[in-house]
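Enquirer: Each chain, written out:
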Amino acid sequence: MRKLLPLLSYFFIQTTIIFGQTGIEKIVFDQDYSVTPLTVVLQNLENQNGVQFFYKNDWGIEAFLLNGEKGQDALIGINVLLETYGYSLIEYKGLFVIVNQEGLESYQYEFWDENDINLDQYKIIGSGKPENSNLPVLIKGKIIDAAEGEPLIGASIQILDSSEGVVTDIDGNFEIPLVPGKYKLLVQYAGYEAQSIPVQVINEGKLDVELFNQTLKLEEVTISARSQEISVSEKIAGREILDIAVIKSLPTFMGEVDPVKSLISLPGVSSVGEGTAGFNVRGGDPGQNLLMMDEAIIYNSSHLFGFFGAFSPDMIRDVELYKGGGPANYGGRVSSVLNVNLRNGNAKDYEVAGGIGLISSRLSVEGPLKKDKTSFILSGRTSYPNWMLKQMKDPDLYQSAAGFYDVNLKVNHTIDENNVLTFSGYLSDDNFEFASDTAYVWKTKAAIAKWSHRFNSNFLMQTNFVVSDYKSNIENNQENFGFDYTSGIKNYQGKIDFSYSIGAAHKLDFGISSLHYSFDNGTFQPNIENTNSEAIFIPQESALESAVYFNDEFSISPKVSLVYGLRVSNYLTLGGTYYEFDTDSPKSPSSIVDTLTYQNGEVAKTNFGLEPRVSFRWLITPSSSFKASYYRTNQYIHLISNTAAISPVNYWKSSGYNLDPSISDQYTLGVFKNWNDNLFEISVEGYYKWIQNVVDYKNAATILLNETLDADLVQGKGKAYGVEFLLRKNRGKLTGWLGYTYSRSLRQFNESPFDEEIINDGVFFPSNYDKPHDMSVVINYKFSRRFSMNMNFAYSTGRPITVPVSKFQYEDFLSILNFSDRNQYRVPDYHRMDLAFTLKSGLRKEKKVDGEWVFSVYNIYGRRNPFSVYFTQRGNAFQLSVLGSAFPSISYNFKL
Amino acid sequence: MNMRRIFAIASLFLLTTCIDPIKFDVEGEATRLVVDGFISNVSYTEQCLNPAPPMRFYVALRWTSDVTNVLDEVIPDADVSLLTSDGESFEYSWSVDEQRYLIDDVDFAAKENVEYRIHIELASGEVYESINDHLYPAPAISEIDIVHKSILKSIDVNGQAQIVERRGVQISVPLGDNNTGETLRYRWKVIPTWVFESSLLPLGNPNKRCYATNIYDYQQINVWEDNSGGYNHDLFFLETDDNEQVQHEYSAYITQYSLSEQAYQFWDQLATQQQSGGGIFDPPPFTLVTNIRNVNDGEEKVSGFFFVAHESSYRWFLYPQDLPYTLVFQDMCEPIPGVPFIPPAGCSNCLDYRGASDVTNQKPTWWQGF
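Listed in order, the protein sequences are those of chains A and B. Just so you know, we're using the numbering used here here: the first sequence kicks off at 5 and counts up by one. Just so you know, we're using the numbering used here here: the second sequence kicks off at 2 and counts up by one.
Chain B with its partners taken away, still in its complex shape (with noise of 0.2 Å):
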């Protein structure tokens, strides 16, 4: 139950509603230093082996910023290693192409029973570590389960708001027995890549198919505490009526992430934050927990959080020949007779396709199927 936004709206249904933006002078807030990163017990080398892009274990380093700004300023000289208590030191460095510090040693994984902390030094000499953090091992993804099924939505039809069903795939992750008696903290982060076709260009041409991949699709955060396993956990919905993700192949790459208190903690109230506005309905908004402390100044406000996580994946692709019923979709490429067309992007070279964050015509060494 959305209880925000039925008050909100609720409260809204008064004749002479407006609404007016507004600023506050909020100058004098000292910029924070922010520690983006995480290790698990994945290595980059056991990555290669994955279906999905490898990457190394980074440290990104930036400051906060005026709350409109997009892109914030990085720290590109500091010294950034990982500490850990066994007495080890990993290097990290400076990576002008991804701009943010990358472990050096390809095959590091975290450990059970070590713990880490990530030690920075800024070029000022201010020292920052983060606090303790280690393995919390949980069963690993290795299957999901779907359900097809219909929701009820409502979509905007020549102006007017209609509630249409709408059929699609549940997707949930069946969690094991939990006979540990210890809590298990899951955060699982999904990534859709999907083919697609541009209708104009003949077959063979090498810009008729790419496959799109779209880091912000699911940004809702997707945390869930543990106590007993059994059961499935909802991890999305993928609607396939007139979703052309789902036209010719889909794939979604889900993470799951075993989490410790401290660190589910801030992903549960960055979820809680994403969801909120600040209106007179909403419970009062709040700074994240950070776990970053500056060494000789613990009262400096510091952002981010650096956590070790244990890591497990699963790809799952879904075919339209896998769906219980024939999907029928309309080739917005394809001009209507009498009327001026400008033939929307990706319809004449699949890399204009403006639907994803990362589009490319080479198929990845891991996808099935064509």
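Chain A extracted, bound-state conformation (with noise of 0.2 Å):
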């Protein structure tokens, strides 16, 4: 019942009077019916029998053929033919309304009675009548964290035992239209106790709540940081989000927390081993995905080549990733979207947190700096590896030495009721010292600040200027041959947002955007003592990226949605040096015909690109739906990378001259289902992902330091597709999902008459992400509210290899070896189980310490799984594992 009333406002309704109808007498057909219109019927039997029935016009029912005989039960041949289109017939009142659920029973309805006994038990919202007690008022408030008094952001309330909801804005607030009644309201936010309040709409009114964090209640870890039934009810295909409680739940390496690597244990989301920086989703390189803090473009997802992530988990709010292009206000990467959010600082009261682990430690700092107005969060880890290095048996690596550290601030400020500003800063950085004598250290530093502006309730603009900046330098001070190498990329980014609600219907983003890249391609300096070498400097490159988007969000009904959206991109290739190849032969040093220098700022090329995004949902039944999208997404820069494990020395590349963007097309089809209360959910998404202009490189291409590096790439098609299944048990004391990923990625390069420039006969070949079964069970088992298990465990197809497969005397060399055709074999396959045990403190909610122990083994039964094979000049085969053995570790989180 509750959910139907605000179905009737969308009726239209058909001007008939009802006359002092108390009772219903049966309605019977009044002649026998054939193939007839439903609608036809309907007016006869609304004539014959001073009846009304109400439905909307627009739900083409009179497209129903209904067969009847003379006599029989009218209103239960009309039910059972809505009922085989998923509608059905209700009476209300003496009113007979069709509506487009099945299974809603009359007597429902009957809770709208006025003289509830229990009314005092509800929250009364609005005062006096409302003009029509049939049409929707609106509901405003606000949600905030109890104890800090912070807004919290993305805060779901939702009307149970409906599909209906609205999250909360930027500031905390939310809107929502509800015709007078009774509903109970859940309200919920990642990390909070969620709070059920029943509310008695009388008319237009206000409602703010405080939720309670957490750590300090009843009920610990949730799993999600969505309402449980959020998989079904979710708008956009492929959005997943993992909320940092879940996060840290799971086993890790060291005790060391990646929200980033987390993700591989969702379906569709992988990487190529462990210990390797960057991940793969749907297929793509790690290069396709964008990742961002806060909004900032960042370029290095890990610390120390992969082994530890790069954000501390005392930062983030959750982790959200959109698998394909996402909406239309993200865009320059065609695999997927990766939302790194950082929290506020408490508002109220100071807070310290931390964790000390084998190979690093952390401490946040959170408080107000203006009581309820300003709030800041700093925090900062720092790594001490050395003492592993230490133990190692090569001479080159108990020499060397290695460390990194990064520090994150976040300051929040509320001018007012309707402006908001944030900073945020990010630094990053890694060294790692070979040998004593060649030093690496990457950098990464991100600066973001935003205002955010409501002109009204239904209109926000959020302003963006972000700088990001990756650095990888090499540097060698031997006397002799000491140099300092470089390379990175820099970005300045201005990005205005505004989101404008039209009723209930639409919620319209649309935005513009401009991002400046400029790209260091390789700088080769060397020292004065270095006489043997000569400075190498690969031109530079430039670029500006800019775009302009539209996004609606149409609940077409409330079962029926529809997100869809155009971003139009633009992207300008400034300056730099290119070179133009004969067309007669391959691309090589020796083919350029012609050089051409394009001063600063001087465009060189302009590439232009329209992509549309559509996400279809619909809404079965409350616990079930079905998805499908498109999403055509342009990718401007590449990374360029010719091994299978990126590493801290690949750099990006600016499309150019010789060098077109990316352009994928993804199409899903997905359905979902929730039952037993949201208890389990099921889920099964197809997808199939095309990609223009996919970057490889020919054979023996050298990238480094290359100055002709256009001659030796090639560009292809990509193709990827595959079916991802998720089962997930969402509350009790076990909880956890298993998911299972059926996928193939292909690569194919036959656009070039010249066989140098063609891979693998140009037939379709495995990228090195081509996993076909990849699958994940992660399990947490709360023994009592402070001790609890998880347990993860992962397996996946070997990725795939080239091998030598015969060899062969030339010259004076006994041994040349015949390679197979690139990535035709694979490694062994990847399994690997890992235990967590976490021992929280005390229950007590006024504790001065409120911390947990993490016991956990990462490869429990020891498996050696391959990181790399390798082969000597002789042919034989070795593999390679880092972490051959189980690999215990301890590590210690507190908040003071």
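Just so you know, not all the hints are guaranteed correct.
Claimed, not checked - Short, incomplete list of chain A residues facing chain B, as computed with Cβ under 10 Å:
id, residue
1, Asn772
2, Phe823
3, Pro832
4, Gln877
5, Ser885
6, Ser889
If you are wondering where the hints come from, they were derived from the structure by calculation, not from laboratory data. Just so it is clear, CB atoms sit at the ideal spot from N, CA and C, and this is done for glycine as well.
Could you fit the two chains together into a complex? Lean on the hints.
Expert: This is the structure we're talking about:
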């Protein structure tokens, strides 16, 4: 019943007055009907019986054809017909209403009785009489952290037993239209205790809610940041959110929480292997993921070659992944968008939190700079892995040193109820000194200034200014052959986003962004004593990527929604030196026929992209849905890496004279089902992705300090397809999920007339990330409120490799290897099980230290998974496993 | 900068690293014909005048084998001939001693502006040919430059790695100005020969002094593309400290080949393959290009290369007295009092010396000094 009245507001109500009908007599068909349009039958029944049927004209029920015999119970016959289409007929106070849901009973409608004796248990919203009690009135409110007064962004307000709900905006505000009546609202936010609030809506009114931090409350870990039915009701296909509580609960290598790598436990997300940087989404390479931290693009997602995460878990609210292009406000990468969302500092009280691990420790401080107005959170991590290197038998490694640190700062200032300023800064530094002579240093710096402004409750604006800078540096200080090598990418970005709600049906997002890149593709500078080497300067490149977009979250009906949008992108390659190659021969330094040099800021090449995005959701029932989506995305910058795993010396290169942007088209279809009051959820989602202009490398290509790199690059087609299966249990002592993906990721390079630029005879071949079977099982079992266990099991098909298949003698060389076509063989399958036990401190709320011990064992049965497979010149193959035995660790996390 | 090595090692820094042999089932890969051969502008007769052993132009035909095999099966019963764009044909004959086909005409030398291709007919009737190639004349190597310098090197001392300084000679070839507007593509091959003496034998013993040659010493392939000239290109560094090869007299025979772009690509790819191991930070391995095709089946996989090279050579000698410092050598044959002593191979007969691929006690005609 409660879900029904809002529907009525959409109905076109036909104009017939009801004459004092206090009871319904049996209504029968007055004649035989054979494939007669339902609307004709209803009209006849209205005429014959003086009753009125209500329905929405645009549902098209005139297409429903009815068969019935004279004298047959008409209401039963009509209901049977309607149910075959997912509709039903209900009686309400003598009226007959066709609703676009099945299985509703008329008695539910009677719940609307105003004489409810429990009326005083409800929170009353509004006063006086509404203009029309059948039309929705607007309920506004704000959700805040009860302890800190900080608005909670993205908290969900859900109408229980209904698919309806809204989330709070950047100020914690929400608006929801409700027809006057009684409801039960469920207010939820990650890491906070949910509240169920019975309300009686009388008229327009206000409802503010304070939520309490869950760590101090009775219930503990939630499995998702979003409401448990969100996988069903989510309007954007391919969107996944892992909240920090879930991320922290997963077993980790050496106790180091890595929010980004945690995503690998989800279907459709994988990595080349443990200890490698980056991740792969639906068969894409790591350079096809847009990684953002509070809107700032981050080019390096890990520390120390991928063994440790780049972000301190203390700073993170949640991690949000769009598998595919996501809504139109995101662009620039063809595989995924990953938002690492930072939380605000405590605006009421000071807090200190941290953790001590075997490799690194972290500390965060937060509190008000001006109570309830300005808050800050500062977090830092530092590492001390050198004790491990000293255990190494290899003298080079024994003499090596490694380390990293990162610092995060976020300041949030509320000017007034309509204006909020936010500043975030991030600094990350890695160093690895090899054998005391060569130092590798790679750094990320990012700063974000954000102004959030509310014109009115329906119209919001967010303005961002972002600077991101990634530099990789190799320094060799040896007297005779010292050098300094640098590469990197720097960008400045300005972005204005608007969000405008038109009633309850449309939520429009639109905006404009401009992103300026400076690419350093490699500079080699020998030091003064090094007379054997010459300086090499790869010509610098720069570019301007601009976009305008709009996106409409259109609720066509409570069941059917369409999120559609268009992103129009423009990419200007500015300045630089480019080569024109002879079209009658393969690209090579010797086939250069002209050199084109453009001044700084001069437009060398213009690219333009139309990127439509559509995501359709049909809520079949409140607990099941069907989704379909299509995304087109353009990617204008390319990660230059011709190895299976990315490394810090890989660099980004602009599309330009010889390098076209990659263009991806992704189609998805999915079915989502929850049952047992959202205790369980299951989903199956298939995808097909087609990418134009993926980049690969000629045989024997050199990517570092290659002044004619364009000659070594080839572009072709990529296709990926797969089915992702997820079964999840959301509540109870035992929670967790089983994810399985069958997928393929293939590449084809056949567009050149020259053999040198064709790979594997021009046929599709597996990409480095093609792992057909990928399964993960995550189980969390709470023995008590203080003691819990987590288990993680991962299995995947081994990644493709190229192996020697024969050898031959040539001149004085006894063995020259013939290799298979690229990626025709596979390393052994990967599987691993981890366990973690978490013991929390006492449950007393007002304790000085809220701490937890985490004992974890990574790779508990000591599987020797191949990190890489290499071959001697004599063709012998060896498998290198970097974590070939069980690896226990202990860490302590605390909050003061 | 060798990024590959450094990152491969960097990824090993964890305690539980382990390496296991692994096998891949690659059976079913059909054997391929391998063609190994070249011709140049210097005939066998002309080579006889050079300070190095002459070599007839050859074509070796073999089958590929399993990757763990050492010596491949040779093909002795093919018909091999060299065809030219002038319509000439030069026959090759099977040599039992060398296990390859040698050109019959000892005066044959490749000429400029003539295209050459090798023609092979197997006993099975399959016919293979190379793609036409021709000479790319380049300035001959007529001198080398040497620089005495030191390098830093990691050595094992009592089980511990130590960085030490090593003296030696950097040998480079001057590349004259290249004003042709054409790219010159070079490959240099270095074969060292040195004198080895058995210290336990008296002077005058025929097996006291030997001339040792090792064709495997400088197997690192040295290729270079030159567009401008006017600079030196490094060939190799000869360590002199603790190097018995330079104790008496040392010589290196440097052959310079000027190649076509395709032949250069073959050698350049081979150089890349030899430095790469297939690790996670390595570029994908690949099969080398070939210019051999089955005339009747263009899809058949064939290995090897037949190239035409513009060749020149230079022999360089190094005497200990040429060095700006005095070398001190420990005599490995000298017994240490009180310690059981087994003389290393070569101490009592220089022909037993094992540090070379070829040892002779016959002084080469071109050898200087002594």
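Enquirer: Determine for every hint whether it applies to the structure shown.
Expert: We went through each hint and held it up to the structure:
no.: 1; hint: Asn772; in the structure: 8 Å, holds
no.: 2; hint: Phe823; in the structure: 5 Å, holds
no.: 3; hint: Pro832; in the structure: 7 Å, holds
no.: 4; hint: Gln877; in the structure: 6 Å, holds
no.: 5; hint: Ser885; in the structure: 5 Å, holds
no.: 6; hint: Ser889; in the structure: 5 Å, holds
Every hint, counting from the list given before, is met by this structure.
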